[in-house]
Amino acid sequence: MNTSSLNLDYCIEKLQRGEILPENTIKEITDKMKELLIGESNVQEIRSPVTVVGDVHGQFYDVLEIFKIGGQCPNTNYLFLGDYVDRGYHSVETISLLTCLKLRYPSRITLLRGNHESRQITQVYGFYGECMRKYGNPTVWKYFTEMFDYLSVAAIIDDAIYCVHGGLSPSAPAIDQIKVLDRFQEVPNEGALSDILWSDPDPERDGFVESQRGAGYSYGKDVVMRFLHTNKMQHIIRAHQLCMDGYQTLFDNRLSTVWSAPNYCYRCGNMASIVEVNEKLERYFNTYAAAPDSLSNKPNLDTNKELPDYFL
Amino acid sequence: MATTTPREHKLIQNGIEIADWVIHTSKNPILRSTEKETWEQELQLNELPEMVYGNNFVRLSNEKRDITIVFNCMDALKLLDKTADQSIKVSSAKKWEEINKNFEGQIEKSFDWTFSSPYTGSILSRGHCYNSFEKPSGLIENTTEKIDIEKLKRPDPILFFDDVLLYEDELADNGESMLSVKIRVMHESVFLLARFFLRVDDVIVRCLDTRIYHEFNKDYLLKEVTFKETNFDVIKPYFEKDPTLLTDSNFIVSKLPTRSIVTEKILLTFNDQK
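Protein chains in written order, with full-length UniProt numbering: chain W, 1 to 312; chain D, 1 to 274.
Keep in mind the hints are simulated off the structure, nothing from the lab.
Just so it is clear, the structure is predicted and the values come from calculations on it, not from any experiment.
Glycine included, C-beta positions come from ideal geometry on N, C-alpha and C.
Please note that the accuracy of each hint is not assured.
[Claimed, not checked] Just the calculated beta-carbon pair ranges, DEER-fashion:
#, chain 1, residue 1, chain 2, residue 2, range
1, W, T249, D, T4, 41 to 47 Å
2, W, M132, D, Q86, 51 to 57 Å
3, W, T249, D, E97, 29 to 35 Å
4, D, P155, W, E40, 55 to 61 Å
5, W, D309, D, P243, 44 to 50 Å
6, D, G127, W, T249, 40 to 46 Å
[Stated by the list, open to error] Which chain W residues stay away from chain D? Per the calculated CB distances, all over 10 Å, these:
#, residue
7, R205
8, R267
9, N270
10, R283
11, N297
Isolated chain W, as found in the complex:
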């Protein structure tokens, strides 16, 4: 693996101390990552046992906690369902660490794309601004967002559990249709690729239901049952939605939502979880609260914050 000067173990240790990597190293790891990901299928086939992680949103100190709770890489296999960046204060550290771990242990860790792994969304919700603050220019943001275009969009554990960031699409009822999508692009605003990264289950209504907002679908129990039957799957694990308890199970235990950002945005007070899938395909939700380091490492974005707030 290490044909160049790149020392991944050194990078991983540095990141785990909370330090960021230099710009040229980011260029190197994102280039290598693209070479690695281009060979991966849209739908990754993986083996149990594996621990599935939902949205982490730049909450780096909570990500370090996940490895403490779930086991360090490569002792535990991991599948991340996307939304590594935005909202939290350490998107750079989070995506840098996950990228290095993937390069170091490619068969032990799988990273899928979430709807936040996109140029458009990261410009609005924090990752772009964070790169500007930490590197003084948008180059690192450009390297990472180019890399995001190469991420796979779904995974199947032991031919039985289908895993994806958001869910199902009316334009792709069969997994084979997802396998042939052209994923190497910015997340489009519509179509199958967009739907599977954005859609939510709806416990109250059957079918695909169009959102009041004018874009986006939710999918009902019948859609899930049909998808599982058509594709000979047992269960769906997805992320994308905040759950106060860290997870939620719907549709007679055929679909789970896993949420892995505790005390989301440093204020919601919610629990988080990771799903441990064993060789018998039993699922165990390992729940946890925010890491003590998570709040104490909140940066002082506004240097006036310590002064009294004379709001008007």
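Chain D: place on chain W using the hints.
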């Protein structure tokens, strides 16, 4: 030179006792999903904001005058429209509709997905809760008086400060909707700003500010409600230069045209006999 006269006060848990007032706040985690379902039923709403800080509040109580001003989540959600404003759709809606024109499924049950509550606080008195629209005579009266911003700009010591969220929603990553309340107590006065802020990316920005200002030696409080709204074109040039400004609501609000300002007095003499 302007100076402030120190006033006797006592700090209490999450609050302060000063003049005849007990001012306090409450901050808690968001509601659990089962609690949210109960609220949805009670409020007869098809959907609540993703993050409902149902147990948070800001309360200013004057027991002697039997007047309490409160900002809480439930009262704000009670004033939401039960259905969606069909004139507002997310920016991708048009293209989405074209691509999905053959879609024959249903449309989600209606709800105001922007969560634009006209809430400007509630007042409790005589065992009654007056909502933001009720204006009993003797309690609320129109005024031309303005909140003295110059006084509020003075760096007087702040005895108590808090910033309390009531609800927020990420609009499925199409912007943000948020209701929050800031309060600060000085020796001479108390000042509160409740702000509803809505940003639908590439579509609309909206802000409803409620400011409450009270000088402790006066018999009334001033309540000023400012409504601001614009389509995105007005503010878009700023973001093209610097996309990070998009999440700076203070900056955005400062650039919005004001649609209306209404100032009222809340009279502490409401319950005085004769």
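Results of checking the hints against the structure:
no.	hint	in the structure
1	W:T249 to D:T4: 41 to 47 Å	violated (57 Å)
2	W:M132 to D:Q86: 51 to 57 Å	violated (38 Å)
3	W:T249 to D:E97: 29 to 35 Å	holds (33 Å)
4	D:P155 to W:E40: 55 to 61 Å	holds (58 Å)
5	W:D309 to D:P243: 44 to 50 Å	violated (25 Å)
6	D:G127 to W:T249: 40 to 46 Å	holds (44 Å)
7	R205	violated (7 Å)
8	R267	violated (7 Å)
9	N270	violated (6 Å)
10	R283	holds (19 Å)
11	N297	holds (20 Å)
Consistency note: the structure conflicts with the earlier hints numbered 1, 2, 5, 7, 8 and 9.
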